[in-house]
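**Q** Sequence:
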Amino acid sequence: MQTTDVMVREMVQKRHRRRRTLLVSLVALVVVVGAALVGAGLVRANNTAPDEAPSRVPADVTADKGGLVASTGAVRIDLYLDYLCPECRNTERALTPELETLKASGDVSVVYHPVAFLDDRSDPGGYSTRAASAAACAADQGKFEQYSAVLFDKQPAEGGPGLSEAQLIAAGRDAGITADSFESCVQDGTYTPWVTYVSDVAASHKVALTPTVMVNGERVEVTGSDRVAALTRAVKEARG
135 MQTTDVMVRE
145 MVQKRHRRRR
155 TLLVSLVALV
165 VVVGAALVGA
175 GLVRANNTAP
185 DEAPSRVPAD
195 VTADKGGLVA
205 STGAVRIDLY
215 LDYLCPECRN
225 TERALTPELE
235 TLKASGDVSV
245 VYHPVAFLDD
255 RSDPGGYSTR
265 AASAAACAAD
275 QGKFEQYSAV
285 LFDKQPAEGG
295 PGLSEAQLIA
305 AGRDAGITAD
315 SFESCVQDGT
325 YTPWVTYVSD
335 VAASHKVALT
345 PTVMVNGERV
355 EVTGSDRVAA
365 LTRAVKEARG
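Sequential numbering of the sequence shown, starting at 135, is according to our numbering.
Treat the hints loosely; a few may be bogus.
[As the list claims (entries may be wrong)] For lysine-lysine, the following DSS-like pairs were computed, each having C-alpha atoms within a straight-line distance of at most 25 Å:
id	residue 1	residue 2
1	K237	K199
2	K199	K340
3	K237	K370
Calculated from the structure, these hints are not laboratory results.
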């Protein structure tokens, strides 16, 4: 997986295309290294700085408005996830108990980046953006992590339409959201521009695959059998 990530990063660096432009050549790359990339999300080409953040952003955004803060502490953990990415679902399920323990310690800042790298893997396209926008709506209700867990529990298969608008709203009820404002937020696609911005910020930081987990800016390999141990070690080392 590490080798594949390096390959993708090098390809992104060579292309120098404008943001929001899909890398057509990544289709060929997926065929060649498909076995290594099963369940992973690939970044769009973006070697330029992202545009200015949209004026409307969800609650609890980071200073650069490129992520959502779930806790604060000396050691920063960044998680880049796409709701259509099966390996992201596996990572979320595996790491959540440890993340809860780390957050309770008060030592870590956990920051989520809901990206839309797999918009072209649904039919019609755009499910990753719709799901991430709905998750941002859940953040306004203080339920981002709960809603994310529900979305991964209900994760649709690639190649289909994804969850419908009604299903995304119903997922909010499963996450404990009762406010009518959540429904209208999802229906209006309020945070669609923000999801695009988050995805472009991630790509400009050379985040080439999902899931990507970083501890104090250093990538942690979380797709192996010891992903929890890998995260724990990285946090311990960062603490000094």
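**Q** Please flag the earlier hints that this structure goes against, numbers listed from lowest up.
**A** none
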